Amino acid sequence: MANGSDQAGLGIASQDCGIVQFDGWHDARARFEADLAPRLGGHLPKKVGETTYQHSKLVVRIAPRRFWLISDGLLPPIDIDPELGCMLQLGEGRVRLGLSGWKIKHVLERCVVVDWDSLQEGEGVLVGFHHVPVLLLRTGSFQCDLFVPRSFARSLVDWISDVSSGVR
Amino acid sequence: MHGYSVFSILRNGLSGQKHWPLAWRAPSPKSNYDVVIVGGGGHGLATAFYLAENHGIRNIAVIEKGYIGGGNVGRNTTIIRSNYLLDGHTQFFEFSLKLWEDLSRTLNYNVMFSQRGQLVAAHSPDQVDAFSHRANVMRLNGIDAEVLDRDEVRRMVPYFDYSETARFPIYGAHWQSRAGTARHDAVAWGYARAADAHGVDIIQNCEVTGFIRQGERIVGVETTRGQIGAGRVGLAVAGHTSMLGRKAGLELPIESHILQAFVTEPIKPIVHQVVAYGAGHCYVSQSDKGGLVFGGGLDGYNSYAQRGNLGTVRDVAEAAVALMPCISRLRILRHWGGVQDMTPDAAPIICPTPIDGLYLNGGWCYGGFKATPASGWCFAHTLATGSPHPLIAGYGLDRFRTGRTIDEFGAGPFAWLQ
Amino acid sequence: MKRLNKLGRIDRSQPVAFTFDGKAMTGFRGDSLASAMLANGVKIAGRSFKYHRPRGIYSAGPEEPNALVTLGTGGRREPNLPATTVELADGLVAESQNRWPSLKFDLQSINSWFSPFLAAGFYYKTFMGPTRRSWMFYEHFIRKAAGLGRAGEQPDPDRYEVRHLFADVAVVGAGPAGLAAALAAAEAGANVVLVEQDFMAGGYLLSETQDGEAGAWLAGMLVRLAGMANVSLMTRTSAFGTYDGNVLGLLERHGSRSADPKQGEARQTLGLLRAKSIVYCTGSIERPLTFANNDRPGVMLASAARIYLNRYGVLVGKRVLVAADNDSAYSAAFDLAAAGAQVTIADSRTQPAPQLLEQARRAGVAVRTKSTIAKAIGGQSVRAVLLVEPSGRVTLESDLVAVSGGWSPTVHLTSHLGSKPVYRQDIRAFVPGKVGAGQFVAGAVTGSFILGTVIDEGHRAGNEAFMFCDATRSSRARVQRDPPKTDAGPGVVGDENPGLREESPLSPPPEDARLSMQVSDGVGGKMTLAKGKAFVDLQMDVTVSDIALAHQEGYRSVEHLKRYTTLGMGTDQGKTSNFYALSAMAGLRGMAIPDVGTTTFRPPFTPVAVGALAGLSHGQHYKPFRRTPIHDWHVSNDAEMLETGLWMRPWFYHASGHDVNEAYVAEMRNAREAAGLMDISTLGKIAVQGPDAAEFLDRVYVNGFAKLPVGRARYGVMLRDDGIVFDDGTTTRVGDQHFFMTTSTARAADVMSRLEFLLDTAWPDLRVSVSSVSDEWAAMSVAGPKSRDILAAAFPDLDVSNDALPHMGLLEGRYRDKPLRIIRLSFSGERAYEIYTGASVGKEAWCRLMEAGTPFGLKPYGLEALGALRVEKGHVAGPEIDGRTTLDDLGLRRMAGKRSGFVGEVLGRREAFSDPERPRLVGLRCVEDGKRLRGGAILFRPSEPVQGHGLGRITSTTYSPTLDAWVGLGLLASSAAQEGAELIAHYPLKGEAVRARVVSPTFLDPKGEWFHG
Amino acid sequence: MLQIKCPCCGPRDHDEFLYAGDASVSRPAHNDADFERWYRYVFVRENPAGAHREYWQHVMGCRQWLIVERNTVNHTILSVNFSREALA
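Chains as they are written, first to last, in the working numbering: chain H, 1 to 168; chain Z, 1 to 418; chain C, 1 to 1013; chain A, 1 to 88.
Treat the hints with care, since some could be wrong.
[Said to hold, decoys possible] Over 10 angstroms on every C-beta distance to chain C, these chain A residues come out as not near it, computed from the model: (1) 13; (2) 32; (3) 44; (4) 49; (5) 79.
[To be verified] If the Cβ cut is set under 8 angstroms, some of the chain C residues that face chain Z in the computed set are: (6) 144; (7) 911; (8) 938.
[As the list claims (entries may be wrong)] Capping the alpha-carbon separation at 27 angstroms, the derived lysine-lysine pairs in DSS-like fashion look like this: (9) 289/Z x 50/C; (10) 50/C x 18/Z; (11) 1007/C x 18/Z; (12) 898/C x 1007/C; (13) 289/Z x 898/C; (14) 5/A x 105/H.
Worth flagging that the hints you see were computed from the coordinates, not collected in a lab.
Given the structure is predicted, the values throughout are model-derived calculations rather than measurements.
In this text, a Cβ means the ideal position worked out from N, Cα and C, and glycines have one as well.
My request is simple: use the sequences and hints to build the entire structure.
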């Protein structure tokens, strides 16, 4: 977290993150998931927004047949049987914004339509933030990660900072 | 017709207002008319008036489900302009503007057509070029048009956001000085009163429930007040064209969508023109009563509910403050929605139909108010002669089949994107 | 008027200084501006809209029609605020409105003398001549006269926000019903948001004395609710609208505490409350009476007089005439009498209840039955009243007329979603109709005016709301259905308190047709009772006779009445006038009130600032910025940046020339002679993967992709379903089952959604995955004769020779351990390469190219030069692909060849598309020295009259340094488009007419030798 | 604000979705050359005042195309399904 920012009630840390996307074919969904689960280290999240953690790697179901494997480091390619689905490296297009501090609920309610109080730790939600699609992942009582498209990242950070300055 | 004038006001003022006659009668429907117009909105009433005035046809009924002027003529942002680019639109809307310029005197009813001009801001060099193209076309069609540079805009509208922090800076503007606004209710009432004076029967609270056929031909309408025979039937029910069209057996390329408008509390004059943002959906004028009247984009999904969603209100408010940072303390008094007939090319459909005896005037999208006089004029011609007036030749129903659409924004064929 | 030493919920130890019309005044913490004005002896608070008549404070809530003030100065100037809703704050500056030179002496009150000529709708009947533009002359003066307050032209410096809220149960109104509902729902376990527009919770209870039973109950409830973590009480918050999906629009006012708006708290916050269920406890609004001069300062709603007394400790009159047709005004009379006023009740009913008369006798209040007020007497304020009684006329001296014409439930919010209010004859009022799923009503809004019943209803509704939003916890809910315990403190009374119930001051009038009689008195020609204007809508100056006139002229539907007379169109939206107008029209038409109908209630219930609706989304935050990975380089290298959609793109570089026209020519010349570098990261990029990817592309593009070898790129064009060109771009096969598609910057999102649409709805059997990778890749184009040398220098490990990387070829590699793709494509006509790298290293890659390229003369170029280069090459772009052009129009039909089965194929052959008059793409070359072509010029044959739409237009132009000529692309009727034909390009805005020759749109290198080899 | 209950993301404001009109029209096969069928698919609309099947894409969320059945008079949402499953 950025130094000193906690004093302001909200810290914003920005970092690159690796994402690998796995997409299964509609008619091969069960086999795709059975094939993918052990490669990602066990079971897959059941619902969209649900996550599982495996060895510091995070798996999020991003759509009914689509998963993201998220990691801070580089991710080795994992081959998928083309009869079942496909894999795509998305390691460059998103920035991970870590938000933390006591203001977080007040800031988020001015950014996204998400009921923070009913969002469990480890739960994610895909949501619009000032016209931009983002993935919000609750990582603690007073912290979350926002995965935002790189081209919008600076603009959204400006928005968050501006909102944060108004929260008393 | 008991004439309205300053003298009649003085006379009545001195005699306790007791002698003002009914603005229009409330007749019972006759069993037969030469022409029955379904829909007592601006277009229907104007059509009746011009049928009588221009074509000498007097045996006419205008049938209205509720009260006259209760549809879109009474729930729009009252803007009148003729800044159209495409062949087919340009001449029609300019003809309409010319009729507006004489309308109060034609009708002996003050519709308060205020030619205060319309300014549309441009926010990129490309937009200035596009506005220049439009202005060139307008000039070549005898219509006043200018393209202003940033300084000229600033002189005309000093309260726009010219600061460094404007998200979309102002590069210039399109300006039509003869554009303006009118008092929308007065348009319906004025046409109604003038048509009534020609003997037109205006029948309110009478809903058309079906059509009477003789073989393939439509020869009248079924209504909640009984059958009414008609030599010709004209539909002018924009917003609800599909519903009546279906009863007549017409297949139409029309969807109903909501366009919202809002008004602020009345304040002393500040917005002296019609102004529009070029980087978002927002246009504003100030009524003579003092309220700022705002319009924006469609709500974006099919709807017959005469109410809009708050998201669109917020979109327009955002654009309004982005354009005019001084208005953020002004307060919205009301917002409401009108049901629009949206077509795949955002152009109207006004033509004879494949069904004998049935004529259609609809599909006005968000442009119906300013078209009211010309629409009435041309539809009257079409009803009287059986063939389209030359100015509406391009507005036929067959254009979607042939590809001769008039797509001003190039957003087709999705009605909700127009 | 005087401030008492007792009574009220004001803090007399905390004085608050403010000014009204420049005069320094003092109130107390807990005052509203209105109560403080009254306490300071202000009688005239404003001037009316049309006649500029003096007006006093009329109510104590948002229904206020008269006392509108302007607060603040400069950019903080805020007009038209009802003084009754403004919480008094230190240093508050209030000004009266619509008067000149002063409130006491307003020149425009002369309008009153001309009122016979200013009847409803008079302006429709005149101001039409003598010329067609005469209205513009009259309008000038009318506009000046209209409007209420004056707004500032300076930007509002304050901050507004929007926040998103959630609740199980939202309760609107913290009066007795709302408090009970909130408690019931909260005790059952719901998360409750209780919304109150006032700065103090209590609603009706605040008009009772603080130390009475009602006051004690309120205090107890507030203590209990404050102790519950799952209840959030939001005061100073107006619920202004109900929207689809049980979303409540809330406006939170935070006062004027923030001195520095950039740092401080928002002035107002728009709250969007998504509630699983909603309980409306919105109460009711007292109705006025209509009589001559009923607008004089000193005439006030009876309930307001009581509120000023009991809540604010202000006794607003010494000799009070209470005019009423119902019981509720008696409580006001009793309280005023107890506070020392001399009170007379003029009750228009024949026989008020005996116990009321007995109470009045004990309170020392005189009651005159069958007594109707006919007129208020007095110029700038009331001095006396004229009563009409069976025995004749009576004049009574009086300085306050407290009126009550019954109560109108505040049904507004319940009907915003289309539910029609229904009329209840027994209480002569509209109550909510059937409300939507998850919505409940309780208390006075339903027509219940007995306090015990109100609390019962609130409690029941709170429980029902809880059960609706959480059926799974309904067993717990049932347990909690008992009435609230009264253990919160002594004197707290629940619904079991019989005393409160019996003596309820809210009890409605007994069934009685008095109001409708009064209506016919007022309108049916019997206004001879007294001369003088009898107002229905105080703010808009609509009188009883205006309504009669509207009827006489045929404006009889309620909507016609409103629109013709402007009734209900003021800032108060007719909260006190609508019902009377409706009943008056019913009387005139001889119809029952419900048959006349009611006007539609539209949001907002109370006005909402435009700024609050916009929140932070204006200025820089109006829309988010999109920045490419190379953005900072452009800025630090003095690029002129241009907003293109949400993107910021370099338009030109100042190093290239001192204005855009000089710069772009230099930049394009450099690209033709050496090499140029352009940031094209904004292109849409889509990964298309899967066994059926090639088949999919075959369907979405007019040209085929199935046979495209891996490692090769192809230009493709897509149509819309109606056969109009949708977008173009290149697609590269990066693997057998993996394609890399690019789209135009403008259409990227539309193309993406369209592809997904086709897969999800039309061809779900195709095993294809599409993913936007627009943000994954930084993209830059190196174009020019030196481009290959530069590439080789920048990426020495890669073989970029013509054999290894031919035109339309692909080379993949790594750059700084990130993916790298080099595709040899030319948009400019030069030998050119598009270099794609991982976005995180995009700027480094750009710098490396610049560094490696500088010795070869590489310079960056911007959008203007990009557009110019493509025009020279005859490539179509946005100005030509304008949503109206077809394959044939753009000369692209050959791409489709004899293919079929692609999107838009069938409707793309509609008859009009082969019309010989249809404009087609042509090249144009200026043939006049010293003149130039301009986009947007209209093309005519030299002999033709210059009018109409011409034969076509110029779409894009550029000066071509290579040809030393102005060239352009245009769309021109085929019949006029023979190469070599000469046309005149007219540009009336500048008065230009320029000769241009039709040429091939490929101005340079027609054989493509520059980019091959 | 319409609240559309996305089958995988839960209830959301409609402005998270992209609207794409009538879903009751049937798209001809990609290689269908019949003009009339394409004409009707693209242009002819029932436009009912009442229940309306329509396409929405959850662009701010899962990006799935949905078929929503909604009453166009009162905006009551009767059902929401994945387009793919509605087709199946």
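Tell me, which hint numbers fail for this structure?
1, 2, 11 and 13
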